[in-house]
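Assemble the complex: chain A is given as a structure, and chains B and C must be docked to it using the hints.
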Amino acid sequence: MKLDVILRVVVKLMLPFMLLFALYVQFHGELGPGGGFQAGVIAAGMVILYALIFGIRQAKRLVPQRLVEAMVPLGVLIYLGTGIVAMLLGGNYLDYSTLAHDSRHGQEYGIMAVELGVLITVSSSMLAIFYAFVERGR
Amino acid sequence: MEALINAVLLTLLAVVTLAIIRQRNLFGVIALAGIYSFLMASILIVLDAVDVAMTEASVGAGVSTVFMLGALHLTRSVEQRPHHSALLPLLVAAGVAAALVWGTIGLPPFGTADAVIHRHVAPVYLADSVKDTMVPNVVTSTLASYRGYDTLGETTVVFTAAMGVMLLLRGRRRTSGNAAAGKKSKGEQP
Amino acid sequence: MQTIETIATHYNYIVTIFLMVAGLYIVIARGNMIKKLIGLSLFQTSVYLLYISPGKILGGTAPIIDPAFKVYSNPLPHVLILTAIVVGIATTALGLALVVRIHEAYGTIEEDEIFETEGEE
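Protein chains in written order, with this note's numbering: chain A, 1 to 138; chain B, 139 to 328; chain C, 329 to 449.
Pulled out of the complex, with its shape left as it was, chain A reads as follows (with noise of 0.2 Å):
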């Protein structure tokens, strides 16, 4: 299909924008509107974009399933992780305080554990949910 090419050229060109996109909402949800929803869902759709025009094949090659299908699981870990570490360095269950020299910066740093596992477990879910759409059609 000769259209094809347009199509190729300007989504390459797209996808490190919006993965760039997807990290700056998430390091930037404490100063503004944002977080680790937001983000792992525009890098999901980062990938899912990539598979819709150049096909799932070359999609799978650039996240594995064996990747994503170990992630999803690794962000609620992250999440309980640090949860037990707050717990073992003196604290209640999630209860950051405890995490750094200082309450205030505890509290920040374990604000930024959170998200993060929050980020890798939204984007993994959405995309497996995406591979198993995709994979019962073939």
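Bear in mind the hints are in silico, worked out from the structure with no lab data behind them.
It is possible that part of the hints are untrue.
No farther apart than 20 Å at their CA atoms in a straight line, the calculated lysine to any residue pairs in the SDA-like style are these [said to hold, decoys possible]:
#: 1; chain 1: C; residue 1: K364; chain 2: C; residue 2: H431
#: 2; chain 1: C; residue 1: K364; chain 2: C; residue 2: L426
#: 3; chain 1: B; residue 1: K269; chain 2: C; residue 2: Y434
#: 4; chain 1: C; residue 1: K398; chain 2: B; residue 2: D266
#: 5; chain 1: C; residue 1: K364; chain 2: C; residue 2: G423
#: 6; chain 1: B; residue 1: K269; chain 2: A; residue 2: D102
#: 7; chain 1: B; residue 1: K269; chain 2: A; residue 2: E108
#: 8; chain 1: C; residue 1: K364; chain 2: B; residue 2: A199
#: 9; chain 1: C; residue 1: K398; chain 2: B; residue 2: Q161
#: 10; chain 1: B; residue 1: K269; chain 2: A; residue 2: V11
#: 11; chain 1: C; residue 1: K364; chain 2: C; residue 2: Y434
#: 12; chain 1: C; residue 1: K398; chain 2: C; residue 2: G387
#: 13; chain 1: C; residue 1: K364; chain 2: B; residue 2: Q161
#: 14; chain 1: C; residue 1: K398; chain 2: B; residue 2: L264
#: 15; chain 1: B; residue 1: K269; chain 2: B; residue 2: H258
#: 16; chain 1: C; residue 1: K398; chain 2: B; residue 2: P274
#: 17; chain 1: B; residue 1: K269; chain 2: A; residue 2: Y109
These numbers were taken from a predicted model, which means no experiment stands behind them.
For chains B and C alone, coordinates are given in the frame of chain A:
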């Protein structure tokens, strides 16, 4: 001015909903659902819910459309004309609407600053967020720190949904004949 | 006059109730399963409006603390609805996976046709 933009966007939302009810071509319905999500995100921005608007735009108009189109591709149907009369559902809907109108008539007018909802916990979060957590976005600090347990449950729900869909849809497609005979295809090996 | 003023100040809730009832109507009156799931999602989004509308303060701004602003809209409904949106997409994805399996088992996703097939057995 805010109230006027609000009213116009809400009216557009109602019109799109009527179109979704009437439309029978499922591809058109899914496209209208994407428009609906986009209008909802705009209304949420007018209502100052910027985090929620970003989530609704990316989730509702983004991945939700992709999943529905994927399911439509795998099932490939057009909605049939309904066989039963629509009178009983309309009566039930009208009854529910009347009860809800009676319930919400006592709510305070839109946009008042001294409503009951703005007392108790919310002013505490707004005042203490930067002092306790050094995070200016009160929604993020509430989500991750003050109400951290709820977010843990939410992440677990997303994880469970991915598990469920993978369990349901992994493996090669089986036609209705094979499903009764219980044949397994190569793709089902663990 | 009183009624028109009440309608003007409660317009958000009136449209919310219309969306809720439209979603309910689609779920109970239509037979196609994908249409039912879309109706359910419509119902859920009307609940988001129901929660966030009372939190808005006219003249306020988004709840991101900044020295230039004094009045902020209520952040608590935003937190609850963020969770609700994500749970909604999870439910929709699982529902769609079930619809795909039903189609593979029965060959159709119309409720009436499935009842007829089941009734013949």
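Going through the hints against the structure:
About 15 Å separates the Cα atoms of K364 of chain C and H431 of chain C, which keeps this hinted pair within 20 Å; it holds. Note on K364 of chain C and L426 of chain C: the hinted pairing holds, with a Cα-Cα distance of about 13 Å set against a maximum of 20 Å. The straight-line distance between the Cα atoms of K269 of chain B and Y434 of chain C is roughly 59 Å, outside the 20 Å bound, and the hint therefore fails. Our distance criterion of 20 Å between C-alpha atoms is met by K398 of chain C and D266 of chain B, whose separation comes to about 14 Å.
Our distance criterion of 20 Å between C-alpha atoms is met by K364 of chain C and G423 of chain C, whose separation comes to about 10 Å. A distance of roughly 12 Å separates the Cα atoms of K269 of chain B and D102 of chain A; the hinted pair therefore holds under the 20 Å criterion. Between K269 of chain B and E108 of chain A the alpha-carbon distance is near 11 Å, which keeps this suggested pair within the 20 Å criterion. A C-alpha spacing of about 18 Å is found between K364 of chain C and A199 of chain B, which places the hinted pair at or below 20 Å, so the restraint holds.
For a cut-off of 20 Å, the pair hint linking K398 of chain C to Q161 of chain B is broken: about 46 Å separates their Cα positions. Proximity of K269 of chain B to V11 of chain A is assessed by CA-CA distance (about 44 Å); at most 20 Å being required, the pair is judged violated. A hinted pair counts as satisfied when its Cα atoms are at most 20 Å apart, and K364 of chain C with Y434 of chain C qualifies at roughly 18 Å. Restraint check for K398 of chain C and G387 of chain C: satisfied, since their Cα atoms lie roughly 10 Å apart, inside the 20 Å limit.
A hinted pair counts as satisfied when its Cα atoms are at most 20 Å apart, and K364 of chain C with Q161 of chain B qualifies at roughly 13 Å. A hinted pair counts as satisfied when its Cα atoms are at most 20 Å apart, and K398 of chain C with L264 of chain B qualifies at roughly 11 Å. Simply put, K269 of chain B and H258 of chain B have alpha-carbon atoms about 18 Å apart, close enough for the 20 Å limit, and the pair holds. For a cut-off of 20 Å, the pair hint linking K398 of chain C to P274 of chain B stands: about 14 Å separates their Cα positions.
Between K269 of chain B and Y109 of chain A, the direct Cα distance comes to roughly 15 Å. Compliance with the 20 Å bound is thereby established for this hinted pair.
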